[in-house]
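**Q** Protein chains in written order, with the numbering used here: chain A, 1 to 421; chain B, 1001 to 1243.
Hints are supplied without guarantee of correctness; some may be wrong.
As the list claims (entries may be wrong) - Computed footprint of chain A on chain B, listed as stretches where at least three residues anywhere in the stretch have a Cβ under 8 Å from a Cβ of chain A:
no., segment
1, 1063-1070
2, 1074-1080
To be verified - So these bits of chain B aren't anywhere near chain A, every CB distance computed over 10 Å:
no., residue
3, 1050
4, 1059
5, 1085
6, 1087
7, 1218
8, 1219
9, 1221
10, 1222
11, 1225
Claimed, not checked - Just some of the chain A residues that point at chain B, by a computed CB distance under 8 Å:
no., residue
12, 108
13, 161
14, 162
15, 171
16, 204
17, 242
18, 258
19, 312
20, 313
21, 315
Hints are computed from structural coordinates only; laboratory data are not their basis.
If you're wondering where the values come from, they're calculated on a predicted model, not measured in any experiment.
Ideal Cβ positions, reconstructed from N, Cα and C, are used throughout, including at glycine.
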Amino acid sequence: TADIISTVEFNYSGDLLATGDKGGRVVIFQREQENKIRPHSRGEYNVYSTFQSHEPEFDYLKSLEIEEKINKIRWLPQQNAAHFLLSTNDKTIKLWKISERDKRAEGYNLKDEDGRLRDPFRITALRVPILKPMDLMVEASPRRIFANAHTYHINSISVNSDHETYLSADDLRINLWHLEITDRSFNIVDIKPANMEELTEVITAAEFHPHQCNVLVYSSSKGTIRLCDMRSSALCDRHSKFFEEPEDPSSRSFFSEIISSISDVKFSHSGRYMMTRDYLSVKVWDLNMESRPVETHQVHEYLRSKLCSLYENDCIFDKFECCWNGSDSAVMTGSYNNFFRMFDRSTRRDVTLEASRESSKPRASLKPRKVCAGGKRKKDEISVDSLDFNKKILHTAWHPVDNVIAVAATNNLYIFQDKAN
Amino acid sequence: MLSKGLKRKREEEEEEEEEEKETLAVDAWWLDPGHPAVAQAPPTVASSSLFDLSVIKLHHSLRQSEPDLRHLVLVVNTLRRIQASMAPTAALPSVPNLHPTPSMDDNLVASSDAGLSASVASLLEDLSHIEDLSQAPQPPADEVPPGRPIGGAPPSLGALDLLGPATGCLLDDGLEGLFEDIDTSMYDSELWAPASEGFKPGPEDGPGKEEAPELDEAELDYLMDVLVGTQALERPPGPGVDP
């Protein structure tokens, strides 16, 4: 179970794809460049680096084990030859530097070839060490450790467009960090009530605006999104905008609040829209309109009549993520039975696809799937009752430019691309 | 020959029906058998079995060594809704009683509003105490920062409980005297069960909950500053790894 993938993220260019898993490991894949020797391999992603980001820890004060599971990975924009990413578990965020080494220096004055120090008095001549090529080595080293700032479980990290700061959010608080400073962070949102018994709402996700470095949003377990402007006050307890869709009285149930709980919030690349994922749908919001979303896409509406069973087996608490494509013309999210859904915003068409070994062979096209909600089941349709709720696709990612997607199905990673590529 | 008992039973049923009709007039959609959301199961059966299920979920959630706050809050809110639907003429459950109840087991099948709210309240309060114990002190900022820098733990009786029964003025003995009072039972090896046995459960088995004697807010503030200052001195410089 340590192999269960818990996060998937492309870097800014899309050449690198990082995954984090329940065992605290990070695996980075790199896209193959155009290669005359193996032309078919262009566009394939192969393992580039693997390292242990987090280890299980023991909090002695609370007598609790801190899970090493990687909750989120976020890349920093590339500024030099090395790559940097932030990875976080429930309590600690780490900045990792991933760099290549393909040369080795030979001919040191003070060291032998096997590394033993030479006696300086025996050195009679000086030479300049020369760089010789070696097999490519990819090294990952921890550059910063940001710890001890979260009492509750971290659910989100987001790098600011200023490339100097980032936020980390837990159930009740959001902190702002400077990438260079590890011993201090600033609390910018705190929704912890004075009396914990008054607690009725938690923070579920948070993200910085892609272009406006002073703007961030955070979502809640009650289905609301608050947009905060850090310029208006240091402590962003007062939101600038409040997004909430009024409840539809005809579909109310005991589970209304649980299914309205937002599990992910993502700004569009343009910064004009944001998307939220709740249990049954994906909603696109215009930042200029707080009263309701501009689009609602049903992910698996056939589950609405099964909420009682899904509450019983805890599936109703599953947290699905969502993502935009590079041009913001389509969105994608996961579902059960290893299904994932893509919605084309311009054509209003949607498709259900499956990520599984049995249903897809390499380089073959994916066959659209259909779930039969009731009535007579057509051939090739799957009935709701035969869906496997243990096969959940919670984490998906879309290449920032091309039509390449990464889909995590429990402990397997699937990468699909458009045939046109 | 009909007994008086049978007659009474029928009257009770009629009374129940009247009650239901009354509450339908008030917005109680969960009691409307025609409502699609409730139509999944007979209303009374749905309510009570959902209630029991939710109580079990709440109990299970609180038994975790570190409860998932989101799961907990959602279950509690759902439970309150179900409870409200089961006793529609009772007072709104939004203001829980503050007196703590001894254990969750007693309330596993409780249907009284006060009992449930009080146990949930006391357990959430325990979560708050656990947080206060573990709030990590940070070195104070040099300049006034724009936001709130993460400082030491706020003054609270929960933190002082860890130090064991406190005397009138803790600072009389100096720092050494302070640490002599630390309740070391939490460091007993039996509490550190091997991984196969799992870790000790959460709030109800936490450090002693005996009430600490009354202390000034100013004294609490000063005490916490002292503790934060001491810990800052003892710590190695900064957890960050510099390049």
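**Q** Under 8 Å between beta-carbons, do enough residues of the segment 1074-1080 of chain B, three at least, approach chain A for the coverage claim to hold?
**A** Our answer is that it holds, as 4 residues pass the Cβ test (under 8 Å) against chain A, meeting three.
**Q** Please verify that the nearest CB of chain A lies beyond 10 Å from residue 1218 of chain B's CB.
**A** Answer for residue 1218 of chain B: holds, closest chain A Cβ roughly 19 Å.
**Q** Hey, is residue 1219 of chain B genuinely clear of chain A, shortest beta carbon separation above 10 Å?
**A** holds (21 Å)
**Q** Can the hint on residue 315 of chain A be confirmed by a CB-to-CB distance to chain B that is less than 8 Å?
**A** violated (12 Å)
**Q** Report holds if the minimum CB distance from residue 1085 of chain B to chain A is greater than 10 Å, and violated otherwise.
**A** Incorrect as stated: the minimum Cβ-Cβ distance to chain A is 8 Å, not above 10 Å.
**Q** Given residue 108 of chain A as an interface hint, is the shortest Cβ-Cβ distance to chain B below 8 Å?
**A** Status violated, d = 23 Å.
**Q** For residue 1225 of chain B, is the shortest beta carbon distance to chain A beyond 10 Å?
**A** holds (18 Å)
**Q** Is the interface hint for residue 204 of chain A satisfied, with its Cβ closer than 8 Å to some Cβ of chain B?
**A** holds (6 Å)
**Q** Given residue 242 of chain A as an interface hint, is the shortest Cβ-Cβ distance to chain B below 8 Å?
**A** Residue 242 of chain A check fails; min Cβ-Cβ to chain B is 19 Å, beyond 8 Å.
**Q** Find the nearest Cβ of chain A to the Cβ of residue 1222 of chain B and say whether that gap is larger than 10 Å.
**A** holds (22 Å)
**Q** Taking the least C-beta to C-beta distance, is residue 161 of chain A closer than 8 Å to chain B?
**A** Since the shortest Cβ distance to chain B is 18 Å, the answer is violated.
**Q** The hint names residue 258 of chain A as touching chain B; please verify it with the least Cβ-Cβ distance against 8 Å.
**A** The hint holds - residue 258 of chain A has a Cβ within 8 Å of chain B, the shortest such distance being about 5 Å.
The structure fails to meet hints 3, 5, 12, 13, 14, 17, 20, 21 from the earlier list, while all remaining hints are met.
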